[in-house]
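All chains, please: the whole structure from these sequences, using the hints.
These protein sequence lines map, in sequence, to chains Z and E.
Heads up: the first sequence begins at 3 in this note's numbering, then just goes up one per residue.
Heads up: the second sequence begins at 3 in this note's numbering, then just goes up one per residue.
Be a bit skeptical, because a hint or two may be false.
Pairs count within a copy or across copies, as identical chains cannot be separated in the list.
[To be verified] Listed below are the simulated PhoX-like cross-link pairs for lysine-lysine, each with C-alpha atoms no more than 20 Å apart in a straight line:
1) K320 to K134
2) K323 to K134
3) K226 to K192
4) K105 to K373
The set of hints was computed from the structure by calculation and includes no laboratory data.
2 protein chains.
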Amino acid sequence: MVLDNVNSPKDLKGFSLQQLETLAEEIRSVLIHKMSISGGHFGPNLGVVEASIALHYVFNSPIDKIIFDVSHQSYVHKILTGRKDAYMNDDEKWGVTGFTSPKESEHDFFSIGHTSTSISLACGLARARDLKGNKENIIAFIGDGSISGGLAFEGLNVGGEMNTNLIVVVNDNNMAIADPHGATTLHLAKLRETKGQARDNYFRSLGFDYYYVEEGNNIVPLIKAFSKVKDTSRPVVIHICTQKGRGYAFAEKYPEGWHYHAPFDIETGQNKGANTGENYGFTVRDFLLKKMEKDPSICVITPAVPMSCGFNAEIRQKLGKQFIDVGIAEEHAVTMAAGIAKNGGKPIVVSLSTFYQRAYDQILHDLCINKCAATLLVRNGSIWGDTDETHLGFFDIAMMSNIPNLVYLAPTNCEEYLAMLDWSIEQNDYPVAIRIPCNKLVHTDKPVEKDYSNVNKSVVTIEGEKVALFALGDFYQMGEKFTQAIKDEFGFLPTLVNPRYMTGVDKYLLERLKENHQLVITLEDGIVEGGYGQKITSYYGASEMKVLNYGLKKEFTDGAKAPQLLQRNGITYENISNDMKQLLFLKPVWVGDSVS
Amino acid sequence: MVLDNVNSPKDLKGFSLQQLETLAEEIRSVLIHKMSISGGHFGPNLGVVEASIALHYVFNSPIDKIIFDVSHQSYVHKILTGRKDAYMNDDEKWGVTGFTSPKESEHDFFSIGHTSTSISLACGLARARDLKGNKENIIAFIGDGSISGGLAFEGLNVGGEMNTNLIVVVNDNNMAIADPHGATTLHLAKLRETKGQARDNYFRSLGFDYYYVEEGNNIVPLIKAFSKVKDTSRPVVIHICTQKGRGYAFAEKYPEGWHYHAPFDIETGQNKGANTGENYGFTVRDFLLKKMEKDPSICVITPAVPMSCGFNAEIRQKLGKQFIDVGIAEEHAVTMAAGIAKNGGKPIVVSLSTFYQRAYDQILHDLCINKCAATLLVRNGSIWGDTDETHLGFFDIAMMSNIPNLVYLAPTNCEEYLAMLDWSIEQNDYPVAIRIPCNKLVHTDKPVEKDYSNVNKSVVTIEGEKVALFALGDFYQMGEKFTQAIKDEFGFLPTLVNPRYMTGVDKYLLERLKENHQLVITLEDGIVEGGYGQKITSYYGASEMKVLNYGLKKEFTDGAKAPQLLQRNGITYENISNDMKQLLFLKPVWVGDSVS
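Next comes the structure, spelled out in structure tokens:
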């Protein structure tokens with residue numbers, strides 16, 4: 003294999019065109035094979051095989067610095083920069099992360115998992131280079147889907163004025179995660195139609211020189227274009243047209259389903275894993291579709307993740323104006339929701355915990371100061387969500403529960419979630435966020451509250467004594483188990499509370515607990531600092547009540563899965579019951595028995 | 003006066019051109035007179051007198067909905083919509099807020115104080131209108147300075163695809179708060195030069211129809227342009243050229259100084275207030291300039307607020323590449339800083355507490371996951387900062403102190419601030435934020451620590467007993483006063499701690515305090531929930547130590563000044579000593595004396 007001889011980008015330099023093309027085919031096969039076993043960002047990586055080879059052929063990484071936006075298309079780069087072994091094996095586990103990582107290689111400059119940051123990072127690298135009087139090339143490689151993020155525009159707006167070497171490769175595969183949205187998409191289409199000649203060029207309007215490469219999956223024109231701009235002293239955009247999923251028929255045909263793909267059978271394209279059964283995505287989809295049919299003022303907004311609520315292409319089409327995919331633009335999604343609510347619509351934003359981080363100010367300034375009754379559905383805010391350091395869902399409670407006027411709800415099961423969602427859609431008084439449980443879908447046969455307007459009212463689900471467990475959201479089932487275990491081990495029944503609201507405490511309940519409780523234990527699926535539990539601790543700060551807060555340490559973990567995280571943070575019955583035992587001088591029932 | 007007959011926009015409808023022009027002159031006089039007494043956003047409002055009149059002449063507010071971006075130019079709108087009395091008096095106080103406010107008028111739809119939100123809000127209003135089958139016009143009025151914010155782009159990107167009535171008036175006065183920056187600025191200049199004919203039109207590239215109005219301070223062409231697009235079924239941009247500070251010679255000549263202006267003498271343009279003496283802005287400016295001269299790798303970045311560190315036009319010019327104003331683009335400022343740090347530069351970002359809210363994810367994802375050693379200077383994070391509900395500096399501790407890897411410092415005086423800044427610039431291990439004190443500049447003659455790499459190490463400044471006060475940042479002087487008052491009243495000396503770090507607690511110290519203290523009191527200039535004090539409370543949750551957290555309630559206050567806020571939140575010696583007394587069964591010394 004040609005690939006056998008590639009251990010660093012330097013090894014490409016002497017290759018013939020024939021060898022480079024063979025290398026591309028080999029890498030494509032390696033990727034398809036590996037991802038059929040391990041899953042991964044399938045479409046983006048197959049599309050950029052030639053562009054990655056051409057970049058490393060022309061430029062001199064790591065002196066020249068290439069920043070891959072969001073890193074979903076960095077696998078080929080990793081293969082070419084000394085990490086091919088991680089892709090050339092049949093292990094289910096990856097030996098590298100799915101994102102660029104300075105810990106792995108000197109060819110990676112940032113750990114990146116959110117989109118639209120590459121141009122601004124490149125502006126910074128370029129400015130530092132200029133301050134030091136160096137001359138290397140700085141290259142940002144960004145997809146058409148990521149161009150819709152406001153930060154990418156800010157980067158272009160500043161970069162276009164910098165009058166220095168700054169090369170932006172726009173990888174246009176005419177897809178975001180799902181179908182592309184926003185006017186830039188239509189604009190890129192126009193540029194493709196006119197082979198880059200269309201009037202009103204977006205990139206030129208922002209001060210960039212502009213080159214168009216029609217055959218972005220052909221190494222020759224790519225090398226030509228990159229060579230032309232190498233060592234330029236100007237900000238320049240190279241618009242390359244590539245095909246997402248290139249070289250694998252199923253992915254070429256259905257790019258949305260193959261943006262990311264779980265392990266699959268290469269022959270049939272079918273998932274290897276079993277159907278995982280009922281889940282919150284599809285349950286909520288059905289619920290929403292029913293409501294939306296009855297009430298045309300309900301409008302679902304998503305920043306490029308429509309499948310977060312199970313809205314496939316057919317459903318999206320059918321919903322018409324009641325659905326809007328704003329592209330990767332979380333800020334706009336939230337602020338537009340404020341506008342919809344103010345003019346009498348019922349907006350529901352669907353996104354992930356980690357991505358709402360990009361809309362902190364929009365939640366605070368646009369939604370909450372104005373008390374616009376929008377609903378934000380928060381997915382993957384959990385140790386059971388994503389595990390990459392750039393996608394952790396551990397911070398949203400600390401981020402959102404301290405914003406005035408917001409009602410942030412933590413449902414503990416399916417029925418409660420749907421009831422909260424229903425209430426939120428119908429009410430007009432509060433901006434509401436709902437943290438979708440992330441442990442597997444749980445049903446209850448007990449009646450659930452329909453009206454959540456009595457804000458901060460928690461529910462005692464087991465009335466006990468001595469110890470009260472406040473088990474938040476998808477940690478509630480853990481609370482149930484611990485309650486029973488405490489009864490079994492120590493012979494008394496503790497109180498179990500479903501807090502329901504993360505944005506405030508139930509003072510009445512907290513006062514009442516003082517009567518026959520000595521200890522409150524809080525359990526939350528997020529960092530302890532700034533979170534829900536500390537609100538309770540602060541309330542009890544001057545009282546005799548002891549409080550123990552359990553949750554995650556404030557840190558960026560990378561790849562750690564839920565069981566590890568629970569263990570590492572002492573969120574286990576063994577640890578918690580031990581803390582409790584010491585604090586309350588408890589003795590296990592059997593010890594008591596043997597002594598008496 | 004013509005103005006006497008204007009109590010609602012309806013009253014304009016029958017006016018002749020002559021009357022409208024007279025009205026413009028009258029309003030301009032009213033504004034100059036009122037702002038000479040009360041101060042205000044001078045330049046932006048004088049520039050849009052004619053445009054505001056023309057908008058209300060052509061459109062039918064509040065059925066047609068006009069959204070003023072950032073609201074700095076909404077005074078004329080307020081005068082025309084029933085609030086003229088607030089401007090036609092000699093009171094120093096305003097009878098209205100400086101921002102649009104739905105509490106004041108049905109013609110205001112949102113409370114807005116941050117830039118770049120108007121187009122997204124308008125998209126939302128338009129979508130709700132379309133869902134309901136209504137037909138009103140939706141107008142966003144946005145300045146060239148606000149166009150640089152990523153959210154404004156996201157709004158255009160989505161709006162340009164919406165294919166519905168959405169009118170964006172771009173008010174181009176060729177100024178941001180200071181001189182304008184970013185490629186869009188150069189682009190607007192090109193459009194002005196070519197009377198709107200330049201190739202590569204930014205707005206057209208994003209799917210908007212485009213109209214150019216050269217004389218934006220002339221009512222006739224404005225009315226013509228607005229009438230042309232009224233009831234359009236397309237997204238359209240009307241680019242109007244206006245003059246910031248129009249009609250007042252000093253403001254026309256020096257628009258940066260007259261963006262906002264304190265009360266002044268109309269004849270001379272001089273400030274009425276006295277020079278307020280030494281302040282952190284100028285002290286830090288001198289410090290930075292000295293350091294930057296010695297070290298060319300230091301680069302100061304500001305999102306459109308260069309005067310936050312005292313950098314006037316002359317200094318900016320002199321600093322060359324060591325300074326960059328990125329326009330109103332906080333996200334980019336932080337992410338670019340990450341890039342500069344990664345390539346060996348020493349970036350310092352200067353902005354305000356309320357504006358860092360727009361960069362939460364950039365601080366977390368770009369700066370902190372990557373541990374880039376950038377310095378963020380945080381201004382106005384305080385009850386002594388801005389008082390408008392949209393500009394409160396109460397949330398940054400809760401927002402930033404819970405982000406992993408960040409070191410958030412709270413200096414208590416000038417010397418400590420400069421030492422922290424110096425350390426931060428020179429170190430390579432941490433992203434650092436520093437909260438600039440907001441009580442008046444305080445000096446110390448005691449030596450201050452030079453090395454802050456022993457993260458989370460607090461300092462005991464008064465070694466006492468029974469009660470320990472943790473007085474954070476600019477509440478430290480309050481802590482000093484309370485310490486002395488406690489000694490005077492109760493006869494024992496409490497311990498006083500300067501926490502220094504807001505991102506973690508000093509566990510060693512907290513353990514040691516258990517030996518001879520029963521109560522810890524935390525004082526912080528921000529909301530209690532999610533803040534620094536709750537970290538201490540959580541640490542002590544299971545111990546015998548009592549903790550009382552003092553700070554602000556989680557709420558949006560509007561216009562409340564520091565003394566009111568302290569009173570309302572019980573941050574007074576009277577209240578705190580009373581809580582302490584009850585908790586520790588203390589008796590004042592004189593009572594003790596009289597009993598013995």
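Next on the checklist: Treating 20 Å as the Cα threshold, decide for K323 and K134: within, between, both or neither.
Outcome noted: between (52 Å within a copy, 11 Å between copies)
Next on the checklist: Please sort K105 with K373 into within, between, both or neither, judging by C-alpha distance up to 20 Å.
Outcome noted: between (44 Å within a copy, 12 Å between copies)
Item to check | Status of K134 relative to K320 across identical chains (alpha carbons, at most 20 Å) | outcome: Result: close only across copies, 17 Å inter versus 56 Å intra.
Checklist entry - Between K226 and K192, at a C-alpha cutoff of 20 Å, which is it: within one copy, between copies, both, or neither? => result neither (23 Å within a copy, 32 Å between copies)
In the structure shown, a violation is registered for the earlier hint numbered 3 alone.
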